[in-house]
Amino acid sequence: MELSNLFWSASLEEMKRGYIEEEEIFVCLLCGENIEKGMVYPHEDRFYLAEKYMGVHIDRTHISVFDYLIGMDKKLTGLTDHQKRLLTLFYQGKNDKDIQEELEIGSASTIRHHRFALKEKERQAKTFLTMMELLKEKDENAPTFVPVHQTATMVDERYNITQDEQEKILKKYVSDGTLTKFPPKEKQRLVVLREISKQLKKDHVYDEKELNGVLKGMYEDYVLIRRYMIEYGLLDRKSDGSQYWAKK
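Residue 384 in this note's numbering sits at position 216 of the sequence shown, and the numbers go up by one each step.
Simulated from the structure, these hints should not be mistaken for lab results. Since the model is a prediction, treat every value here as computed from it, not as a measurement. Among the hints, a few may not be true.
[Stated by the list, open to error] Below, simulated EDC-like cross-link-like pairs (lysine to aspartate or glutamate); rule was C-alpha separation at most 16 Å, straight line:
#1 LYS366 to ASP404
#2 LYS355 to GLU335
#3 LYS252 to ASP241
Let's have the full structure, built from the sequences with the hints guiding it.
Below you can see the structure in the form of structure tokens.
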């Protein structure tokens, strides 16, 4: 199962800890890192069993689950930039007076009002999640949507894609692992670019020549593909363009 599918289908408890447990491995929901059960892993002169080491991995790679989630696109979190900033300060353990002084807004009572508003949002979210779970049991006609990848830079109508649509688009534009034509519509581009991104090695840093060679094997206008992959949050790079890597 793709990482995005694992992420969006995880339970609240699994999301909070940042990983899921499978039969032989633990899988990081934030990047897909696999930690094999039954192994002992070294880190800074200490040795960890698999599940404990997954916690070490999350701390080293992502700082925390909270930090990863708060950095996601606002369309995925439903939070404004201001709300994200407040939540970050709350998470850091700062009191209302310190937060008010740091943000230079209102008074300590203003911060308490924001806390109340966020708790209200939490209650609404719980109610909505419960209704959606109940809906799954009744709505037999609901299409299966393709999960939005976690590194999406802008979530909009382009991501309104069902599994059936995705299969039809890939059949039309991809043959034997290569792109036969660059799609004219945004939604179609997203589908084929996500498919192309699967061909890139994870945890591998490409120099420009190496990446161009890989992309050219899939489509002749590799510069176009590279640009759109960055735009859609599937590829990242150094500011000088010397190194590229697939975003997880």
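Hints and how they fare:
no.: 1; hint: LYS366 to ASP404; in the structure: holds, 14 Å
no.: 2; hint: LYS355 to GLU335; in the structure: holds, 13 Å
no.: 3; hint: LYS252 to ASP241; in the structure: holds, 11 Å
Checked against the numbered hints given earlier, this structure breaks none of them.
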